[in-house]
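J.: Protein chains in written order, with numbering that gives the first Met the number 0: chain A, 0 to 560; chain B, 0 to 294; chain C, 0 to 298.
Any given hint could turn out to be false.
Unchecked claim - Chain A stretches covered by chain C per the calculated footprint, using a threshold of three residues with CB under 8 Å from any CB of chain C: (1) 108 to 120; (2) 312 to 321.
Unchecked claim - Calculated lysine to aspartate or glutamate pairs in the DMTMM-like style (CA-CA distance at most 20 Å, straight line): (3) K4/B x E13/C; (4) K94/B x E13/C; (5) K64/C x E404/A; (6) K209/A x E143/B.
Claimed, not checked - On the chain A side, residues computed to face chain B include the following (Cβ under 8 Å): (7) G273; (8) K283; (9) G473; (10) I502.
It should be emphasised that the hints constitute simulated quantities derived from the structure, not laboratory data.
Quick caveat: nothing in here was measured; it's all calculated off a predicted structure.
Positions of the beta carbon are idealized from the N, C-alpha and C atoms, including for glycine.
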Amino acid sequence: MKRKQFTALLLVGAVIMSTLSGCSMGASSKGKNAAKNDGGIKEFTYFVAVPGNEINDDNEIQQKIAEITGAKVKETWLTGQTAKEAVGTLIAGGEYPDFICGSEGSSQLYEAGALVALDDYIDKYPNIKNFFTKTEWESLRQADGHIYWIPQFNNSYGKEMETTHNDEAFWIQTRVLKWAGYPKVTTMDQYFDLIERYQEANPTMPNGTKNIPYTILCDDWRYFCLENAPLFLDGYANDGSCIVDPETKKVIDYNTTPTAKVYFNKLNQEFKKGIVDPESFTQKYDEYIAKLSTGRVLGMIDQWWDFYNTVNDALKQQGLEDLGCNYVPLPITIKEGVQSRWHTSGDTVNVGSGISITKDCKDVEGALKFINDLLSQEVINLRNWGIKDVDYMVDKDGLFYRTPEIRMQVTNTGYKASHMCTYSYFPIYSGMSQDNLNANKPEQQPNEFLSSLPKNVQECLEAYNSKNYIDMVGRNEIPGPWYPIYTFVGTMTTATPGGTTWIKMREIKQEYLPKVVMAPDFEEGWKEYMKVYETCNPKAFLDEVQPEVDRRIELSEKAAQ
Amino acid sequence: MKRQKVLLLWSLVYVIYGFIFCYLPLAGWLMAFENYKPKDGFFHSQFIGLGKFKQLFVDDGFLRVIRNTLAMGVINLVVTFVAAIVFAILLNELKSQGGKKVVQTISYLPHFLSWIIVTGILHDALSGTGIVNDLLLRFHLLKEPLNFFAHPKYFWGIVAFANVWKETGWNAIIYLAAIVAIDTNLYEAAAIDGAGRWARIRYITLPGIKPTIIILLLMNAGNVLNAGFEVQYLLGNGLVQSVSQTIDIYVLKWGISQGDYSLGTAAGVFKSVVSIVIILIANGMAKRAGEERLF
Amino acid sequence: MKRATTRKKTSVGEKVFVFLNGFFMILFVIITLYPVWNTLVISLNNGTDSLRGGLYLWPRMWTLKNFNTVLHKKNLLVGAYVTVARTIIGTLMALGANAILAYIVSRKRFLFKRQLSLFWVITMYVNGGLIPTFLLFKGLGLTNNFLVYIIPGMISAFYMLVIRTFMVGIPDSFEESAQLDGAGDVVIFTKIISPLCKPVYATVALFCAVGHWNSWFDAMLYNRMNSNLTTLQYELMKLLSSVTNQSTSVESMKNAVGTVTPTSVRAAATILTMLPIVCLYPFLQRYFVTGLTIGGVKE
């Protein structure tokens, strides 16, 4: 009896399994790697090696774009792996989606011969061709002379409309500036002095919790909040991993400059005074964000994108905006007279990665046409603003705007998944719309930007005679054609001595910089750090970056001729 | 010799299956001896012999992570083991059946929390203003708040505690299953003979679950080099990285995230070999002691 | 019967033990319940508000939004269907396969029991790595295939050894008397040994089921391109990694879209996936809590 039951169970199991696997195989052969006609609409697949939001299959704007362009793309994002791991498995398996964005794994894809060279096609697609200047296209050529990917971001049409300083800065709460009567703060000493004075006068929040004068995020790769300030303090633009002197075109290590020592000495003194948060070096990113969200932290160095989203929401919700807990950037340098270059305007193309078409794509022309179509103004508006009269309104002058209800709605996760379709990892313009009236991105539309700004920030910006965040730190031109060199450093691996050094430098700094800041005797701590730092042979790293700087300069000169 | 046929036939199926799914992929170990490039595949990548192993063993950093891994592996093995056995026995001694059920159900719940949640709570509890510092200050055991995560000396202990906290109830399930399998007649007989609770635990319960204990101990001994990666990564920071990094973190940093699969594979091969050696030794010791063994 | 004797024998030491044990259990329950409780609290609290921290025993700002976010995830239903299917089928198959293997290697009469055990023990400590395994599965046609959830992980030396230990503890007299009646291995395994192994089968079934229920890496690795074969946990992982700032580089963070607080959503997802498996437990629990008598035959 029982045995019969068991057999029956097994049979049932087998039947279920075979049906499941059967239908799965059917489905897989249908949806995979094939730009098939499905009611006249082509379907492409796209793997993006960064985490991202999936949208619903029946997404409304996606459908609308499909009607215009005749194609739609199913995007898959990175989950639970690093970009290089994910790309490595794809290469090993030898099967690719139609589109791919390899992120940090881009060069692996190129080396594996997985990508289609795009240079012969580009001329046929005006929107793609115009997306970059000739010089920029040249800079995208790989060692074999071909172009394999199209970087998607940092491309302004018309004039730049940037309103936020999206990058790194010394940030300070507006309440501190207001308390001091909006003074001019341009040096590191002034900055810390101001924080000290404010803290002495106002040690607590109105509700009694203690202020945290200055905190430092130091969690894993986010330790840039501690380590790379010397670069900016000396008035250089953000080349990331090292300084490239615009005069001599030479690569300089910012870890050992006199400014670096002065800066860390300052932090050491402030740590002893109790100004630097004692939990700085053990806090995790979540805890850091939690601290900022309580409005207790007066100032810190960070990149805007690293904190603004969640922190500003939290401040708003708790009514802390009225207390002046929002942050504005300051143009801090090491001493008076040094020009601050925290913000560089103009488009910096990340040549290290972009969207590619793989050799498994059956319809390269169709794929490129889709990218081309996505860059038409009509579709750009759909991607960035949404549907007219639903996601934005147009006033009598033709200016786009959003009502408070719409603003609320477009941040709703469910609404985004079912309605909005930004195709965010396809090439996209920021800057001005072709109508020469509106910004391509809602958050850069001047009236949209202003109405989203908290009162205390508006007041502060006004006091400094600034129209937006960028005016606070000042605009600067891109220092040179190599900029930013971190797009090269990101591709270095342990295969070269320089790449190995690069990881070692990071490891040493992560351990010793906190120690230096907390050292009872700074000089001794610094000496020990420098001794260990030299053992990783930083020169090997610099020696590999220099040729790339030279190469990029040469390339741009050639293209200019 | 008789009565082998059926068993042999069945074994054959298992051997074929095991060969395909467990042993065939070991061809991938070839990667450890070459400079593997995805574009060249296994068979066309450059063969470099022991180069990757040399690279590992001349690096002070690797020797340090071996030390950390071994230390944390052994500490975790011992404490989680003892905790689970003690908990299982004590739970079994609980008189109320309802109480037993409730306690057991609750005890294994933390197993389902991801490490990121557990470490988040732990970070909270041990922070300068967390409950631990609060208590220590209140009882005057400390003069000022102690930042536990800034001192390398506390790190291994914290990791061990985290493991016990999360997995004790779950690990105890196996022992509970073994305890219920003990013939209840034995307990009754012992009770009639006037054996107290302690004597019953010592002479009936413990011997009854001994085979299970030994098998699990042997198996886990082979796992000391798999001290983990997530906990250490989530609890660690720059200040304690000299004691927090494990082999897995090292491999991730220097191998996988650099696209250097060969290095990762070499470390994996090293771990496997050490594990198997440990298992062979431990099994041999068990054999000599006349205890249960793995094979 | 047992209770009666215990009561008669109650001494001071006994009382102290009972008291201390009860106290210890309560303490233990509090400590282990706390993280779960805290997760529940966070899942029911407004996400932005949770950012401020200081959330311990009770939600400050009640909301069901976190659960809504999770439940609104598309493909969740497909994922749930696949996960239930793989949990049931996978657990049954694994239990059967491991039990039979354990039966084979626990037979004292079997000549190669040690070799076969060793063969499997080794598999616990070696693996060929991600890429070779991927290539093998691809070669076997297991990618984009439901069977990849069931077949490759079916045998686990760990489960096999746990069952074997149990089977070894069963007196030989059971098998011998059955053999005298002319029973073959099939009968001995299904009719004699297996009924006695209920507690350990329950344990292994629980372990397998939880493993299947929670796994997502195989779905990501082998069935990423096929949304009909996705699992529940993989869908949740995708949701989490889209809301988490888990990216490993500055460049990708700069262009990241829609980064919001992950803590609350993660908490809600955890609670939701925990529920079914917690509900499964009472069914298995009777095999652990009530004693089982291997009565009858004395050696």
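J.: When the structure is checked against the list of hints, which entries are broken? Sort them ascending.
T.: Numbers 1, 3, 7, 9 - these are the hints that the structure violates, sorted from lowest upward.
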